[in-house]
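S.K.: Sequence lines, in order, name chains A and B. Here our numbering is used: the first residue of the first sequence is 730, the next is one more, and so on. Here our numbering is used: the first residue of the second sequence is 40, the next is one more, and so on.
Quick caveat, the hints were computed from the structure, so don't treat them as lab data. Keep in mind that the hints are not guaranteed to be accurate.
Derived SDA-like pairs (lysine to any residue); straight-line CA-CA distance at most 25 Å [as the list claims (entries may be wrong)]:
id, chain 1, residue 1, chain 2, residue 2
1, A, Lys969, A, Glu1010
2, A, Lys1124, B, Phe152
3, A, Lys1124, B, Thr126
4, B, Lys226, A, Ile1193
5, A, Lys1009, B, Ser178
6, B, Lys268, A, Gly1154
7, B, Lys441, B, Tyr404
8, B, Lys268, A, Ile1193
9, A, Lys1016, B, Glu277
10, B, Lys290, A, Glu1010
11, B, Lys268, A, Arg1187
12, A, Lys1102, A, Val788
13, A, Lys969, B, Gly312
14, A, Lys1009, B, Arg291
15, A, Lys1191, A, Val1210
16, A, Lys1211, B, Gln252
Just so you know, these numbers come straight off a predicted model, no measurement behind them.
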Amino acid sequence: MLDRVVVVGAGVVGLSIARVLSALEGLEVVVVEKEADVGWGASKANTGIIHSGYDDDPVKYPNRARLAVKGNRLWTTWAEQLSIPVDWCGSLVLARSLEDRRVLRKLLARGIRNGVPALRILDGEEVRALEPMVSEDVVEALWSPTAGVLSPYEATVALAENCVENGVKILTETLVKGVRVKGGSVEGVETSRGFIGARWVVNAAGLYADEIARMAGVSDYTITPRRGEYLVFDKDAGPKPSRILFPSPTPVSKGVVVETTVAGNLMIGPNAVDLPRDAKEETYTTKEGLAYVWREASKLVKKLPGKREVIRVFSGLRPQPSGGDFIVRVLEEPEGFVEAAGMRSPGLAAAPAVALEILRLMRLNGLDHGFKKRWKAERRAGLRIMGLGWDMLEKTVPRNPSYGRVVCWCEGVTEGEVVDAIRRGAKTIDGVKFRTRAGMGRCQGAFCRLRIAAILARELGKPIWSITVKGTGSELGVGDVKSLLEGEDVAD
Amino acid sequence: MRTLPTRRVDLLVVGGGPAGLAAAARASELGVRRVVLVDERRWLGGILPQCIHPGFGFHRYGRDMTGCELAEKLIDRVSSLDVDVYTEAHTVRMGYESYLSKTAEVLTPRGAFRFRAKTVVYAAGARERTCFEAGIVGSRPAGVYTAGEVQEMMDVWGILPGREAVVAGSGDVGLIVARRLTLEGVKVKAVVELMPYPGGLLRNVVQCLEDYQIPLLLSHVVLAVEGSKRVESVLVAEVDENLRAREETVKRIPCDLLVIAVGLIPRVELLAGAGAMIDPKTGGPVVNEFLETSLPGVFAAGNALVINDLVEHAMEQGELAAESAYRFIEDGGFRSASWKRVRVGDGLRFVVPQLLAGFRDVKLYLRASSPSENTRLLIPELEKSVRLRSVRPAEMITLTLKAEDVLKAERLTIKLV
Ligand SMILES: Cc1cc2nc3c(=O)[nH]c(=O)nc-3n(C[C@H](O)[C@H](O)[C@H](O)COP(=O)(O)OP(=O)(O)OC[C@H]3O[C@@H](n4cnc5c(N)ncnc54)[C@H](O)[C@@H]3O)c2cc1C
Ligand SMILES: Cc1cc2nc3c(=O)[nH]c(=O)nc-3n(C[C@H](O)[C@H](O)[C@H](O)COP(=O)(O)OP(=O)(O)OC[C@H]3O[C@@H](n4cnc5c(N)ncnc54)[C@H](O)[C@@H]3O)c2cc1C
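In isolation and in its complexed conformation, chain B is listed as follows:
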């Protein structure tokens, strides 16, 4: 069997969303020579082009932009640099050959290629959880779509997905889609949230639901879909403290559209397939302070690393991954160290990066398990304590640690009290 045409590159970026674009741009600016970016979509920007709402890039550019505007900005930046971009290029498989050689097999309409790269930044984004994963039973008619799909339907393809909708999930994505539907004349009968608190930012609860009088049903669950060809109704119930549906509260809401907005999952199949370790807490890879996965020279950024609520976080992860790749290429890799595993204590769902050695100052990304007021973030080993006015699972908490502090500590635990 013949082998594929192989192209040698210094950095291969998989995924052209904000994380991947930022990574490719930063690497090229630092002087990495052969930078290739591949994305399976027809256009770059990842999920940004389907987000016609504002809320992007304020912290970074001091100007509130729509997803489309930010995408354009990032694409312009990459176009002005020496980056080889392949769109409609689907990475089928990744492999770890050796310390300085990772492979990726890519299928495009122009043919199939194999890239042999010194370094890889993996920024493949996330996928949305489906109604099956949310445990919704019943029939399986048309009219059950994920939130991202509904956005793409309306704003990329111009399809109106229904007349009366129920949205499952009150994260930012669900809230924004509820508003978007309303603006298009669709009646959103309810946004249904399992937890006793909304999953998204308070700002979005106000601007997307309250301003439009869309009911938010907290501590409720969507149980089942009814309808033969098209959704006719959904069954909704209240839940008890254990998040179990209370049978006596089941009610039927007639609608022709059920929007599933119950969370995102990092797309890590290719990484896992190449042998990278996955953190069950984040669903993304285990990384060190260089955002390097357990495969040397393979870095992860953006939603493929950890689900980010702010695009700036995805972008800064992309840039850090690019800087790390640059150093990896220049220095022939990183020195060995005794990596300390950050232990996730009470009150937190996860911490990224998971491994620290103290080579550099490091920004930690953390998510709280539940909302609370006046709390403190504690690292007992460093006697470090940060006061937080309020924490909410919807908002990623960030915390920067100094390299010398990390070096000092024997072990590291982070908790919220």
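If we strip away everything but chain A, and leave its shape as in the complex, we get:
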């Protein structure tokens, strides 16, 4: 029997699992992903918060409650090992009414129960001393110093790079169409590129986890999309809070957040809109959704920057499981089928803990591989020219002039960084963007998209028009200029 594990889904959860499994001797780990790059599901478009873990009711949602707290702690190590920039800035849940204050006390009690360290309730004066920008009517806040923010796409890319270094194969643009089960055991997955045999199949397919489960004959849950929309402001727009600002939560969501991203942009969002089960690609933004986000965010702070300072809006879909709790399990039937599904928020925070939990459960169910002697925990991030001191620049640029050639003017990204991103696995314009930030500035790529496409075309040996923004079907153009007229009778 081939000892291979196939992980379906290269999101933060699937890749965290792959990372953990890659530490085992004699186990081949293959990650299968339908998109052209890693992290393009829920893992790309979220708030990026490593929650501290007081949100979830340990009775109703034991997995969420337990794994968020543990995941938060694990991220401190993982982020360092993987060179993922995290701002451990802490969070404030703001209370603006008596009712809100009651909610804070509930959260505090829950946090204590979940084992969250260092929680404290601050009075209005203390809150304003920490964050002068909060709204006048804030009377109290729950201060949670262990929360942090990271860039979620940087995190998935870092995980993927570390996985690859440890021997994991990541197959992109490969769609899982079936799970082959024989005699009560999984045998592998049918994909758009053929069959991949495996002893274990780990279902980390995000929004599609219920469908993958059905392919394996498991049908005790469904996943529905819950949309969240965001507005991102120009880097120069402020004021920006130093900590994450939450409203008092409602039963559906943690509410619209005001935060400063690790890149330094003020960002507000998300709302929470439940969509029908088949709306799994509807990452639209809507006028109403964005207006709601704006209204809710305005309640937390004295003043938002002008609407003209918004440089981008986007939305993401949370995979909302029918039972509410994360589904983390190894099934008896079919044997070898493992699930990390229903990863709604705080799935990002919980991911490392989910991965370790999966390993524990797999071990209980017969996985008996020992640890590798040589496993690389560390991953080195690419060079960020604008983050270097000028003395470092003086050393770097003469050695490699492409690090002196700025291609993204808004974010100051150089050709050298783009080439490095391509060598590390970017095949698309978005792939370059999520690795380097090229195109994430105020002009949103209008100045740099073509130059980046030209570099991709050169490195990949393809015509420039065929370079894609986000995989097959999203080519930059439809051909070369004049190609529409070719073959037509022009004299006609």
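Fit chain B with the ligands to the supplied structure of chain A, relying on the hints for placement.
M.R.: Then chain B with the ligands, alone, in the frame of chain A:
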């Protein structure tokens, strides 16, 4: 930490578009000694080389040229002079050290430098507003590009961007791109304009749309983009008097390309970062009649100062900025004066320069808020009135004031009645 190699110069020109090229050339011709021009692109000319259409330079050279031809002319002029040109030189930061010393940190493939300049002409041009800034919602697939990007795509890189297009915005840029697409065989299904009148020159409406039977939808707005990997359609609606979409008029236009041509914004980040005051009306810096910003010895010109519809305006601003820099160097700066702030009255969006003292005759650049016929430009304090047959926001209005008139007035207001 070691410091950067520093080069002392008399004039640093940031930006090698028509404004910057004209400034560098004029300064050098006047005898300014160490003139350096930096531009982040691989070639000079700013946006000119991507404009293969005619319409450039007629007022100045009596000959209608394409953007490329004009660029060549300007580049030739600079090459024949003693100007140090750095291309692929991105200015990362500017700083104001003292009255006679401004710094700019520049990154190039040949290394990083710091320039320490007596004077700076800032001519970094503009950027285009994006679909997000235009409030367009929906999905975010491939096939949504700004107009300048589409021009560059077709005429610099040879990429055909789509088969069926909708253009958002009817300014000159949108109109010209609509025609350019049509000439390449792309079907332009509509040019969509929010206002009840076209944003560009009438000449361009005729030559770019009517001649090619491209529909112009006035008082319409592009609401949303649809499509997963590639644009599949856009939603368009009519707007009411308050420019709000009327829900009952929403219609879907199938297309695979949405061109965003909804205006330009001066690129002033470096100036603002160095401490210059920005005018919210123009988006550019506040300047006086020398085109000097609130940082002494730092001048602004071209689209970085104010969005120009005519390249000649950008060039003459560049030349004036250069003359001012020359005087600044020669005289060690300008004398103090009581600057009068020009107040923008009814009917106008902005006036540049914003500050006048009467040291010199001054050309004012103004933009009307809306189109109208038979109007008058009024400066009540000077009892000056100029008759204008028709004004349109698309066409910059210019007006020259005599120094002695400015000196006479206590205050200055300009309005359109
Ligand atoms: C709006 C929003 C805000 C959020 N905020 C936070 C937050 O602040 N903090 C936090 O901790 N969590 C947050 N979350 C939750 C977090 O983003 C998710 O829990 C996490 O990203 C889930 O990761 P995943 O790997 O399970 O899913 P995904 O990232 O969706 O990965 C699943 C992958 O499977 C692939 N796939 C699916 N079907 C197939 C198939 N048939 N074949 C091959 N591949 C397939 C998909 O393409 C996808 O890449 C938020 C989520 C959203 C949407
Ligand atoms: C699509 C389009 C069509 C037009 N058609 C016509 C027409 O038909 N007729 C006409 O008269 N006018 C036309 N115009 C207007 C005219 O072209 C502009 O007014 C003029 O080009 C502005 O020149 P500029 O030098 O200010 O800016 P730009 O041409 O934009 O040049 C600025 C330069 O500065 C560089 N730069 C910016 N920041 C930095 C930095 N930090 N470091 C280094 N370099 C930097 C930029 O990359 C750029 O090369 C058109 C404009 C557009 C956009």
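S.K.: Give a verdict on every hint.
M.R.: Hint check results:
Simply put, A:Lys969 and A:Glu1010 have alpha-carbon atoms about 32 Å apart, too far for the 25 Å limit, and the pair is violated. Pair hint A:Lys1124 plus B:Phe152 holds up; C-alpha atoms about 13 Å apart against a cutoff of 25 Å. A distance of roughly 21 Å separates the Cα atoms of A:Lys1124 and B:Thr126; the hinted pair therefore holds under the 25 Å criterion. The hinted pair formed by B:Lys226 and A:Ile1193 meets the criterion: a straight-line CA distance of about 22 Å does not exceed 25 Å.
At most 25 Å may separate the alpha-carbon atoms for a hinted pair to count; A:Lys1009 and B:Ser178 meet this at roughly 13 Å. With a CA separation close to 20 Å, the supplied pair B:Lys268 and A:Gly1154 stays within the 25 Å bound. Our distance criterion of 25 Å between C-alpha atoms is met by B:Lys441 and B:Tyr404, whose separation comes to about 15 Å. Note on B:Lys268 and A:Ile1193: the hinted pairing holds, with a Cα-Cα distance of about 18 Å set against a maximum of 25 Å.
For a cut-off of 25 Å, the pair hint linking A:Lys1016 to B:Glu277 stands: about 16 Å separates their Cα positions. For a cut-off of 25 Å, the pair hint linking B:Lys290 to A:Glu1010 stands: about 22 Å separates their Cα positions. Restraint check for B:Lys268 and A:Arg1187: the C-alpha separation of about 23 Å stays at or below 25 Å, so the hint holds. Straight-line distance between C-alpha atoms of A:Lys1102 and A:Val788 comes to about 40 Å, which puts the hinted pair past the 25 Å bound.
Simply put, A:Lys969 and B:Gly312 have alpha-carbon atoms about 17 Å apart, close enough for the 25 Å limit, and the pair holds. A hinted pair counts as satisfied when its Cα atoms are at most 25 Å apart, and A:Lys1009 with B:Arg291 qualifies at roughly 22 Å. Of the supplied pair hints, the one linking A:Lys1191 and A:Val1210 holds, its CA atoms being roughly 16 Å apart against a limit of 25 Å. Of the supplied pair hints, the one linking A:Lys1211 and B:Gln252 holds, its CA atoms being roughly 21 Å apart against a limit of 25 Å.
In summary, the structure is inconsistent with hints 1 and 12 from the numbered list given earlier, while agreeing with the others.
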